[in-house]
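K.L.:
Read off the chains here:
Number of protein chains: 4
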Amino acid sequence: MIKVGIIGATGYAGNELVRILMGHKDAEIVWLGSRSYVDKPYSSVYQNMFRIIDDVCRDDNISELADNADVIFTATPQGYLAGILTEDILSRAKVIDLSADYRIKDLPTYEKWYGITHGSPGFIPEAVYGLCEINRDKVKNARLVANPGCYPTCSFLSVYPLVKEGIIDPDTIIIDAKSGTSGAGRGAKTDNLFCEVNESIKAYGVATHRHTPEIEEQIGYAAGKKVTISFTPHLVPMNRGILVTAYANMLRKAGYDEIKSIYDKYYDNEFFVRVLDMDVCPQTKWVEGSNFVDVNFKVDERTGRVIMMGALDNVVKGAAGQAVQNMNIMFGLPESEGLSAAPMFP
Amino acid sequence: MIKVGIIGATGYAGNELVRILMGHKDAEIVWLGSRSYVDKPYSSVYQNMFRIIDDVCRDDNISELADNADVIFTATPQGYLAGILTEDILSRAKVIDLSADYRIKDLPTYEKWYGITHGSPGFIPEAVYGLCEINRDKVKNARLVANPGCYPTCSFLSVYPLVKEGIIDPDTIIIDAKSGTSGAGRGAKTDNLFCEVNESIKAYGVATHRHTPEIEEQIGYAAGKKVTISFTPHLVPMNRGILVTAYANMLRKAGYDEIKSIYDKYYDNEFFVRVLDMDVCPQTKWVEGSNFVDVNFKVDERTGRVIMMGALDNVVKGAAGQAVQNMNIMFGLPESEGLSAAPMFP
Amino acid sequence: MIKVGIIGATGYAGNELVRILMGHKDAEIVWLGSRSYVDKPYSSVYQNMFRIIDDVCRDDNISELADNADVIFTATPQGYLAGILTEDILSRAKVIDLSADYRIKDLPTYEKWYGITHGSPGFIPEAVYGLCEINRDKVKNARLVANPGCYPTCSFLSVYPLVKEGIIDPDTIIIDAKSGTSGAGRGAKTDNLFCEVNESIKAYGVATHRHTPEIEEQIGYAAGKKVTISFTPHLVPMNRGILVTAYANMLRKAGYDEIKSIYDKYYDNEFFVRVLDMDVCPQTKWVEGSNFVDVNFKVDERTGRVIMMGALDNVVKGAAGQAVQNMNIMFGLPESEGLSAAPMFP
Amino acid sequence: MIKVGIIGATGYAGNELVRILMGHKDAEIVWLGSRSYVDKPYSSVYQNMFRIIDDVCRDDNISELADNADVIFTATPQGYLAGILTEDILSRAKVIDLSADYRIKDLPTYEKWYGITHGSPGFIPEAVYGLCEINRDKVKNARLVANPGCYPTCSFLSVYPLVKEGIIDPDTIIIDAKSGTSGAGRGAKTDNLFCEVNESIKAYGVATHRHTPEIEEQIGYAAGKKVTISFTPHLVPMNRGILVTAYANMLRKAGYDEIKSIYDKYYDNEFFVRVLDMDVCPQTKWVEGSNFVDVNFKVDERTGRVIMMGALDNVVKGAAGQAVQNMNIMFGLPESEGLSAAPMFP
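Taken in order, these protein sequences are the chains called A, B, C and D.
Under the numbering used here, the first residue of the first sequence carries the number 17, and numbering increases by one thereafter.
Under the numbering used here, the first residue of the second sequence carries the number 17, and numbering increases by one thereafter.
Under the numbering used here, the first residue of the third sequence carries the number 17, and numbering increases by one thereafter.
Under the numbering used here, the first residue of the fourth sequence carries the number 17, and numbering increases by one thereafter.
Note that these hints are calculated values from the structure, not bench results.
Please note: incorrect hints may appear among the correct ones.
It does not matter which identical chain is used: a pair holds within one copy or between any two.
[As the list claims (entries may be wrong)] Within a straight-line C-alpha distance of at most 30 Å, the following computed DSS-like cross-link-like pairs (lysine-lysine) qualify:
no. : residue 1 : residue 2
1   : 314       : 242
2   : 269       : 242
3   : 154       : 281
4   : 314       : 156
5   : 314       : 121
Only chain A is shown next, with the shape it has when bound in the complex (with noise of 0.2 Å):
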């Protein structure tokens, strides 16, 4: 039984590893960690966990935490880990981390999309971003996972097996996503009252949102040179689901027969990745509560340019889930331990 320790176990993202873990058959939770509610009941705070979890939060400490739990998961704001991060804690345990803290590799980018000086950048050589489908294979002897952001991971798989092939060119990659909004978390702000998101969308960020240069550095990963995207998020009136529309210049002709076998041979094997049929559109409900993400293309010979589409639920793949899959591949479990879930509709 792995057992396993939450810092910041009060946020959506932390709420939903917590359902998840309930359902875990190898793992379980030792410590809820909730600096705001310490002492608090879990479940006068999430009273869906009412009857289903008896302990209280606690406060945050990383090290007393270290000794108790296997692998500790920060669902924290940016900066915190890296602030309070040691060699020793990661001796004693494993760490996820769903923050950004350790997901660029590139120190100066990082630190000037942050705005903020990174507390511990030894660790960031070390640290591996954890995109099950990518990097597999290194997520299984890490110490430290970087568990990628909600935007980055759906941008990514929508658009990697093009770039990869070099079907299509990077630079033109424009990134346009939307997405529910749990993803703002669950602080007090007017801007994400009912009555401000309801009935309404915009886009924010505009060409300023953190996620773009860590989804850049992947696709460079990808692409073997340094890329620059567009990228603009957009907030939707729903609870979960992000659904990323890009679009890139095709570097040369190539009808759907080919494109789609791109796809399959980079997914048929991804029992989370689902590269649905021609001309049907990844929708957010059809992933909603599972960790698959949903893709999709359409090459628009008029203009030159493959439309690819990926729709997946934010609080699950987008952090909680696949920060499990990470444990997971970590622990030498199966991937689709405890995330093997149908989607949930309506």
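The hints should help you fit chains B, C and D onto chain A, whose structure is shown.
P.N.:
Only chains B, C and D this time, still in chain A's reference frame:
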């Protein structure tokens, strides 16, 4: 391994049966019946099941199905099962009916409220009303289970302890119920279009809804006499969930502690019924995707009434989940097998 | 041209006042008060008013305001107006208060339910309860109007004719009300975040909501005696709208036609109250953005009860619209001036 | 008083025409055409109009209508008007067509994308594309106005100034558009049921949507050459609103101030087009119920692209509102007559 056949697998309740059974370790689906989609891949009707289910939909043939399945779920329109059920079928397979055909014991009441002639009234006495927490023992040996309606399950479990213990006058019960839109089914009707339901709430079927006699019959059993209640359903702009707010006059003074102890007496050992803490009002979101029913109450000394509240997921405990719970009881399995997932939030 | 000042112009009711008054041909806004946004352009707080309103928000100074305005609307927290109102102000400007400060005539009742000491009880007798359809004549000459609460307006207009005519027993009235989330205000609270409200419904303030005594007092006037009722509000995932479903025992038998004629007697000449056709249930969407109240009823012979229903837009007839209707009456204008827009659908 | 006839008065656009015209002081509706509801009270189809409109729906008879009306609005399926329009009708009444029949000047393009043979191509040259801000002068004297599509109006107004001034390369334009569900119409389709749309987002008509050539033709006029663009619409779980996010490569460097001055040059005097302040992203909610289009842009030096954004209410400026604006121009009225209502929030 229990072999399961489903007739009506492409309605919302049918799809939820499929979702739940995919996570049930002792059951396998052998027949996905759907008259409307014969020979079409099930996953083309419900893309959430893409790459999870490869089977195609089959025509309705309950006799052939009875040869292949240990248990048949019928999630079909009123009157359908009553028109085709035979002793021969029941001798070969157990039947759990999600329609109302066998829920009401009093035939004239059924025929009056439903406006149809019952096709096989001879089976009504044998049918067990599958409200698991109440009729568990009878379900065990049943061949034919009438799975309760969504509103009746939520309504009855909310008021049951106080009726049973004689705390409230059953003839003063007023049930004001609110349901998500999945209860209206997947049929293409203008009234259920997004733009008609969204940003609105309305009552419907006022004083005429067909779940009324079903609720009255069950309350009558608890009260030990025939009762008449008021029941008003409302349509709410959300996918899932039923909330019941029930009012009744108290027959004698009783404070919070006494009433609480009565609820606890009936539900403390019930895994799926959660009596919430004082002053915590049930919310449908806290049970979404799960088989839980959350109940609570408020004593109003000013009016001499008690207000009873209950929340469940109409597609799970209100339909498919309770059906699987009944199956588990009928086949001697742990009641929560396949149903232990925690509610999903947000 | 009536000069209008608003204190509390940046709440949802305040913004709706502004929207309505922009379309009012005999009124102009001279003061947009908002303590939280002093000196900020109003249109930066409410972008819907971009290029429509150029003014900035001003601090609260009711004395200076009284010099500049013919009428002052206060859309402020409970107790605020009571704490600053003086004879001097009332001698210089009329006041329409959207808070509850002067709604309840019985001081101990007010202080008990609101938990505060009233700051200027001396004005309570003078204040006119501005339910226009009932108190039109008194409003005409009022200096101080207590604009009714959203729930009380909808509740009272739904039951009024049958109480007044002695058809129902007022002490058996049970009001189950459902409100959109704008009623909860624009304050940044976790409970009102999109993800907390969306896809859920709950009761709140059960047996303790402060609109209860306000409703009781008004029903009491109609009944000619003190009455006690049950009132339960619910939060619905939609922006606007209140639906009331009210239940009461009939004191004598009465059929559809008689009850209909009673409703018509009271409302046939009321522009803003629409008695719907037989069996058409009020829906909040059908009155959205308008000052209409849709009401209807169902006689239930089985139970001897009548179910009364009402729907309105809580921000319009439930707040700002009725406030403007009161202003129109006070200044001798047609009651529907600025309020004649048809409801918006969908 | 302008006499107005509407064919197709019971679709969502038709109902919005009715709502807007009820508040128009120089127009009266003389004919509510709806083939599906002949002889039924209009207010039984749209209860928001209860006691506001007493008329019944009439069958479609454009010839009789031309005798009774000064202007005919056709909110009808593609091909309908083209199949019945004659010189005789146009000689008797002006026609504003909300369908696409006369929007595209190039006949083969129209017939290819719409898959139908045009019934009266002879009128195409005469028809004026009613994008008021661009073709105001031509609309003045038009007999036949092709009211623009919802997506084209929002798309074109968002990119127009920068195309016209040669700042961006029109062949690099990628338009990612998001629409509320009212755009899908009131027809009873499973895909548009509440439970199918709610809590989900998807692209549709990828690389094949019929508004593409309409947008391309208009951008082509501005660019002075034939252009090819990418256009992808998405379905969003909200009733009203279209948001456009458009991307294009800049032909030369230009900073915020220069681009802002270009937008201002074209829109400063346009009442209905609001260029927002720096870094304020358009939101559909801020224009709901109004005829406004909010636009803004972001220069992205990193990629050499400019991101252009626009938001409108698809039922108003995207359909009925613009139609009335065209009517106002054709009849010499102030353009904003009947259209000056401020957006409704929340």
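K.L.:
Let me make sure I understand: some of the numbered hints might not hold for this structure. Which ones are they, in numerical order?
P.N.:
Per hint list: single violation, 4.
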